[in-house]
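Heads up, the sequence shown is in the working numbering, so the first residue is 1 and it goes up one at a time.
Be a bit skeptical, because a hint or two may be false.
Simulated crosslink set (SDA-like; lysine to any residue; CA at most 25 Å straight-line) [to be verified]:
(1) LYS160 - PRO141
(2) LYS66 - MET54
(3) LYS194 - PRO141
(4) LYS183 - MET37
(5) LYS68 - ASN143
(6) LYS160 - PHE53
(7) LYS183 - HIS127
Since the hints were derived computationally from the structure, they do not count as laboratory data.
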Amino acid sequence: MELMEDQLVVAAPPGKIESSGSRQEHSNWKIIVVGDMNSGKTSIIERYCDGHFMEYYKSTTGIDLKKKIINYENKPIFLNICNMFLFIYIIRDTAGTEKYQSLIQLYYRGAIGLFIVYDITNLNSLHNLEFWMKNIDDFAPSNVVRILIGNKCDLESNRKVSTEEGQLVAQHFGIPFFEVSSKNNLNVDDSFMKMVSMINEMESENAIKKDFEVLDDKVILGEIDSKTSSKCKC
1 MELMEDQLVV
11 AAPPGKIESS
21 GSRQEHSNWK
31 IIVVGDMNSG
41 KTSIIERYCD
51 GHFMEYYKST
61 TGIDLKKKII
71 NYENKPIFLN
81 ICNMFLFIYI
91 IRDTAGTEKY
101 QSLIQLYYRG
111 AIGLFIVYDI
121 TNLNSLHNLE
131 FWMKNIDDFA
141 PSNVVRILIG
151 NKCDLESNRK
161 VSTEEGQLVA
171 QHFGIPFFEV
181 SSKNNLNVDD
191 SFMKMVSMIN
201 EMESENAIKK
211 DFEVLDDKVI
221 LGEIDSKTSS
231 KCKC
């Protein structure tokens, strides 16, 4: 499969939408879902965005993109949620050629949130989290928000990964952890709302930091102007 650069999704910048006759600011966030094949990434996205469960497995060979508009703290947020499995595995199987490395960088570009998904009935999917985390470290923005998801917790009788093991992995990477069931709609909304909350908090902190930087610049400029004026002989 050949993937062109214009197929990769890059989040648009914040903009404005019409609301009750007025223009309202909105955020536009790109959130990526990664993890092993058959870990249920597409089912999680379908459940959150469309409210239904995919009974039959559909292999993702390109990009799955879903859009959802939510209202958080009286602010509309456009979520661009994408899942692309095969492309990232091409990177691993081709020893990371420059061609595919540049494409995967484009895929991650603009991402503000990442869900890393494993299947609680598949121990290998847990072991492969090291690969996914390294992939994210190598190619994703350094400040991207990450959340670990253990999927298919409705299949308790087939469980191969304990909840405690998932918690330990999350603690190791210093990220939040949820066990979810897209079939039973358990913790799917909660995990996305946690993501939204963390991103919103990060953006608020960045905005405050920028305000302080602007204030510092004004103070410094004021001190320079004051010193210049004191030296001026009229």
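To test your reading of the hints: which numbers does this structure violate?
1
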